[in-house]
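Throw the hints in and build the complete structure from the sequences for me.
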Amino acid sequence: MNIVVCIKQVPDTTEIKINPKTGTLIREGVPSIINPDDKAGIELALSLKDDYNAHVTVITMGPPQAEDILREAYAMGVDRAILLTDRKFAGADTLATSQALAGALRKLEFDLLITGRQAIDGDTAQVGPQIAEHLDLPQVSYLEHLAFDGKNTFTVKRRIEDGYELHQVDGPCVVTVLSGAYVPRYMSVRGIVEAFSKDVEVWGFEQIEVDETNLGLKGSPTRVHKAFSRGVKAPGQMYEVDATEAAGIIMSKLKEKFII
Amino acid sequence: MDFSLTKTDTLFLKMIREFTEKEVKPLAAEVDEQERFPAETVAKMGPLGIMGIPIPVEYGGAGGSNMLYSMAVEELSTACATTGVIVSAHSSLCAAPILEYGTEEQKQKYLPKLASGQWLGAFGLTEPNAGTDAAAQQTIAVEDGDNYILNGSKIFITNSGYADVYIILAMTDKSQGTRGITAFIVEKDFPGFSVGKQEKKLGIRGSATCELIMDDCVVPKENMLGKINKGFSLAMKTLDGGRIGIAAQALGIAQGAMDETVKYVKERKQFGRPISAFQNTQFQLADMQTRIVSSRLLVRQAAFKKDHKQPYSVEAAMAKLYAAETAMEVTNKAIQFHGGYGYTREYPVERMYRDAKITEIYEGTSEVQRMVIAGALLR
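Just so you know, the protein sequences line up as chains A and B, in that order.
Counted the way this note's numbering counts, the first sequence spans residues 1 to 260.
Counted the way this note's numbering counts, the second sequence spans residues 1 to 379.
Don't read these hints as lab results, they were simulated from the structure.
All of these numbers come straight from a predicted model, not from anything done at the bench.
It is possible that some hints are incorrect.
[Stated by the list, open to error] Simulated restraints, written as ranges between beta carbons of each label pair:
(1) Ser47/A with Asp146/B: 44 to 50 Å
(2) Asp149/A with Asp189/B: 41 to 47 Å
(3) Ser294/B with Ser47/A: 41 to 47 Å
(4) Phe3/B with Lys151/A: 50 to 56 Å
(5) Asp123/A with Leu202/B: 48 to 54 Å
(6) Ala277/B with Ile249/A: 31 to 37 Å
[Stated by the list, open to error] Derived list of chain A stretches under chain B, where covered just means 3 residues or more per stretch with a C-beta under 8 Å from a C-beta of chain B:
(7) 70–80
(8) 182–188
(9) 192–201
[Claimed, not checked] Not the full set, but computed from the structure, chain B residues with beta-carbon under 7 Å of chain A:
(10) Thr8
(11) Phe12
(12) Gly49
Cβ atoms here follow ideal geometry from the backbone N, Cα and C, with glycine treated the same way.
Have a look at this one:
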């Protein structure tokens, strides 16, 4: 079985500072990590490698320094890593990103394509489903659990707001994974030691067959109208009381503020 | 001289810090309080390769450097000095001499199990009457057909009781003093080998420290480690490597106490402002931090030299001496900054202070380190 996991390098914070003038993220000084949903996706792939000897490829689109997360994925145990990078991809919104990734994925053979549900720096949850549409593959989003029959069928538990759905889907297919679904393994020491001697394949515009007008800024219909940070809330009040007393306090506060 | 970390070092630090934060730190107080060996942590470290960092891949290790190994012991010890010494004694005092002096058969037999953490290792040199004066060994080994028969006892042996393999030093020719000592690889199940009482200690209380008893203990001849009567030199060289581990442990304890102190002085308010605003606090923190960074440079220098096959005995002695005394000073001041709270077990600096003391004693006291350093100067 061949598995491809799409991953993204994101700033390591959920409280990202925004430049008030440009409305863009301030990334300086913020360490970069593998997006948490994607990292759970790597774990899902590696668990299938453990059980079914699957071959796992990770791919990321980003600037050259996105190589760091591919090395980390190697240290976790993946078999192949591809960095999709080109100036022509710059400024891409989710649509142009999914076009570039889909272009690269057409060059790869896989039975299962895994993406994270969404990235913590954009929270759109669009790229995975868009890739599935471009490739005309079945997709199951919000994956909470996946079972494989050892042949070609996946049973996927899909988390929805008030419960879950069970889907049976044949490969090749696309799933988008929730970060809570799988606890990512630690990198192994040997994996770390060997990570930098492994080959990270670098693919650019020339390696994918996608119309240039669909890529980068040109291929991005999204325009950010305004980005702003919500004001800081006052620190809450802490009470160390039992449940009954707590309920009373909550009720009186809600009444005080005319919420109820 | 390049002081920057390699990409491998940086990635390794990311992993070991995350492991320490999630797996080691939450257990540290309990392990100390209950004097409990953290077997579950060892079971997790094995598969990740933390128990075999500098062991080559062909013997089942991670194929990493001594630099990475020292970083591992340091980071683990920032949260739990017990965990740090378990890794250090296992790696430096048991796996390392087998790698260095073992026959190919011995390496094939023992290293994969040790490096994967499936087996735990220990080292038995110290006896009731042979501490710093290691030549005063009373454990004897007598040739008997295909075996050696060992008789005697060892004390203060780290990892004992939990270890599967012990490097044991014994007299094979009493008349020759230090030139009559030989090393043996002893498995816990060898006839006549047993583990005695566990010590109750001031610090590193989760680390198992016991007596070993050899009562007509039968050790096959193929388990002699290195050459006959060359055990003293083997033990001394092994301890040189061990000192890098203990220096890293001491450094980790100091760093752990420093991290707690920086956090505390920003939170703690007296006279209407955080105590970090007082110049006395700032100056003392500056001195503590300078000592910690100096210790780290010494530790990494020793590890670097070992990795590059350069003599490192004096460097390891300086690293251990300085880092151990730094750990004592920093943990002492850390408690002072915490005041009454620091004296209680509500805060981890109390444990760190108790843990620090042993680093001035084991694997060569601070006095021994000074002997090594001065000896090289005056040679």
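Now for the hints, and whether the structure bears them out:
1. Ser47/A with Asp146/B: 44 to 50 Å: Given a distance of about 48 Å, which is inside 44 to 50 Å, the answer is holds.
2. Asp149/A with Asp189/B: 41 to 47 Å: holds, 44 Å
3. Ser294/B with Ser47/A: 41 to 47 Å: holds, 45 Å
4. Phe3/B with Lys151/A: 50 to 56 Å: holds, 55 Å
5. Asp123/A with Leu202/B: 48 to 54 Å: holds, 52 Å
6. Ala277/B with Ile249/A: 31 to 37 Å: Given a distance of about 34 Å, which is inside 31 to 37 Å, the answer is holds.
7. 70–80: holds (count 3)
8. 182–188: Check passed, 3 qualifying residues.
9. 192–201: Holds, because 5 residues of the stretch 192–201 of chain A bring their Cβ atoms closer than 8 Å to Cβ atoms of chain B.
10. Thr8: holds, 6 Å
11. Phe12: At 5 Å from the nearest chain A Cβ, Phe12/B passes the 7 Å test, so the hint holds.
12. Gly49: holds, 3 Å
Violated hints for the displayed structure: none, as all numbered hints are satisfied.
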